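K.L.:
Here is how the chains run, residue by residue.
There are 2 protein chains.
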Amino acid sequence: MKFDRQELKKIKPEQLRPYIRRQEFKDHTVGIAEGYTQANLVILPQRYALDFMVFCQRNPKPCPVLEVTEIGVSKLKYLAQEADLKTDLPQYRVFKNGECVDEPYDISRYWRDDFVGFLLGCSASLDHALVSSNIRVKHMEKMVVPSVYITNIQCAPAGPFKGRLVATLRPIKKNELNRVIQLCSRYPLSHGSPVHFGNPKEIGIDDIKKVNWGNPCEIEADEIPVFWACGVTPQVICLNAKPEIAITHYPGKLFVADQLMAETALIA
Amino acid sequence: MKFDRQELKKIKPEQLRPYIRRQEFKDHTVGIAEGYTQANLVILPQRYALDFMVFCQRNPKPCPVLEVTEIGVSKLKYLAQEADLKTDLPQYRVFKNGECVDEPYDISRYWRDDFVGFLLGCSASLDHALVSSNIRVKHMEKMVVPSVYITNIQCAPAGPFKGRLVATLRPIKKNELNRVIQLCSRYPLSHGSPVHFGNPKEIGIDDIKKVNWGNPCEIEADEIPVFWACGVTPQVICLNAKPEIAITHYPGKLFVADQLMAETALIA
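Chains as they are written, first to last, in numbering that gives the first Met the number 0: chain Y, 0 to 267; chain V, 0 to 267.
Note that these hints are calculated values from the structure, not bench results.
Note that the structure is predicted; figures quoted are calculated from it, not measured.
You may find that some hints are simply not true.
Since the list gives no way to pick out one identical chain from another, each pair is judged satisfied if it fits inside one copy or across any two copies.
Lysine to any residue pairs mimicking SDA-like chemistry, simulated, CA-CA at most 20 Å apart [as the list claims (entries may be wrong)]: (1) 161 to 69; (2) 141 to 224; (3) 11 to 257; (4) 173 to 130; (5) 137 to 4; (6) 60 to 262; (7) 76 to 162; (8) 74 to 159; (9) 76 to 159; (10) 76 to 152; (11) 74 to 155.
With the hints as constraints, model all of the structure from the sequences given.
P.N.:
Shown next, in the form of structure tokens:
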């Protein structure tokens, strides 16, 4: 089945979800269902769940918690009432002892009675807020995944969960940086304000063209590189903790919630 | 030892803590160490900790999480580096199977290797923000605990944790309500914006003079009763869940952190 990405901007999450569930839509979710919250996913066995949730509390910029499922229950209650974590994301990554062993489109065969699902805020609301305020966000124009880097910023550890912050890049016009900080500060559940701007080397990025994920982009003469905490961080953290099993979303292929971005904004 | 409450306004948390530890200061902490964050405390065995943390995530207004301790570790790492949960609050309440069995000034003899401590935001930052903006907060003038009520608002449940929201009352001048909502919205980690204003009966408070805790106060002709989520909520929730053991702060006698209130404010 072929989807027009411009038309997907206008689709409602509840209309999109059946396509995802039937594995007819397996693509990334950038720019889809404009105005609706998107969420990163981390699923862990219960014995890791408390430490992971404390990790999120200590690192709210990369890991803002939107919803945590009941133990063993794959259905959501808050972000979307009828959604099922087993089938309702376009693609997943399954890790065993820190190694990616599968990238399935449905995780029913992996589901366990002790699984706890964490839905974490992503940068979709942020991007939408910027674009809606006439701030140029280049990867949104192309509707592609932005440049993603593993930085040298250490996250605050919790139990076995520790490691470096993953960040996304958005080149911003120098004279718009102040406004950009104000706008994204309204969305703490969508990574909030930047973690760094200016010289990428200061956060361990030696070559801006060498992305760890996503698509490289140009920094123009009137732009400054601005970095935000990224929801891929928990994937890297999972690799480090080597749980016997962990399941995450596939980068760029997120859960699309029924909750509006505006519902998570602070101080309108 | 006798303390002048006006002088206590200016004390630094690190100066106050030794008095608390030696049980020379056992009083409430309202108005103490002006400008510093205060925190409510809930300590639970590990097996309840994930469900409780999910309860907090689902009910951020009564239970904004400031810090969660490592399993079995009574020392804090973030709110105050040298503080110990066993000794550094003026008074505690110990619950066994939902019943209060002790109100000690030191919980060393109760401490267990599986204890997890939750430090939760309280209304101190909120009160300070209001007073600093020339909003009259009556209980702050008298430096007493405000009126506290058990409402009929049901919290979102998580595992065994469920029950009704506890709220504090602050009578606010009608023409200042808008400004009050704006000011307290900046402090989501301090209960944030009100949960109700106007007729107390709409949230199950039939007689405003009958407080569940704290001190009754008058509503004057130009004032409207405004209610905020209260950090006593987790105590009520603990009673309902009947864990074999739970320890909380004594109402009004909170942990005084080294973190400034200004550090937790959103969008200055």
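K.L.:
Are the hints correct? Go through all of them and say.
P.N.:
Results of checking the hints against the structure:
1. 161 to 69: So residue 161 and residue 69 pass the 20 Å test across copies only (14 Å; inside, 24 Å).
2. 141 to 224: Only inside one copy: residue 141 and residue 224 sit 18 Å apart there, 52 Å across copies, limit 20 Å.
3. 11 to 257: Intra 8 Å, inter 46 Å, cutoff 20 Å: intra-copy only.
4. 173 to 130: Classified as within; 16 Å inside a copy, 38 Å across copies.
5. 137 to 4: within (16 Å within a copy, 57 Å between copies)
6. 60 to 262: both (18 Å within a copy, 15 Å between copies)
7. 76 to 162: The answer is between: 18 Å across copies meets 20 Å, while 31 Å in one copy does not.
8. 74 to 159: Intra 27 Å, inter 19 Å, cutoff 20 Å: inter-copy only.
9. 76 to 159: For residue 76 and residue 159, only the inter-copy Cα distance (17 Å) is at most 20 Å; the intra-copy one is 28 Å.
10. 76 to 152: Between copies, since 19 Å is at most 20 Å while 34 Å is not.
11. 74 to 155: between (30 Å within a copy, 16 Å between copies)
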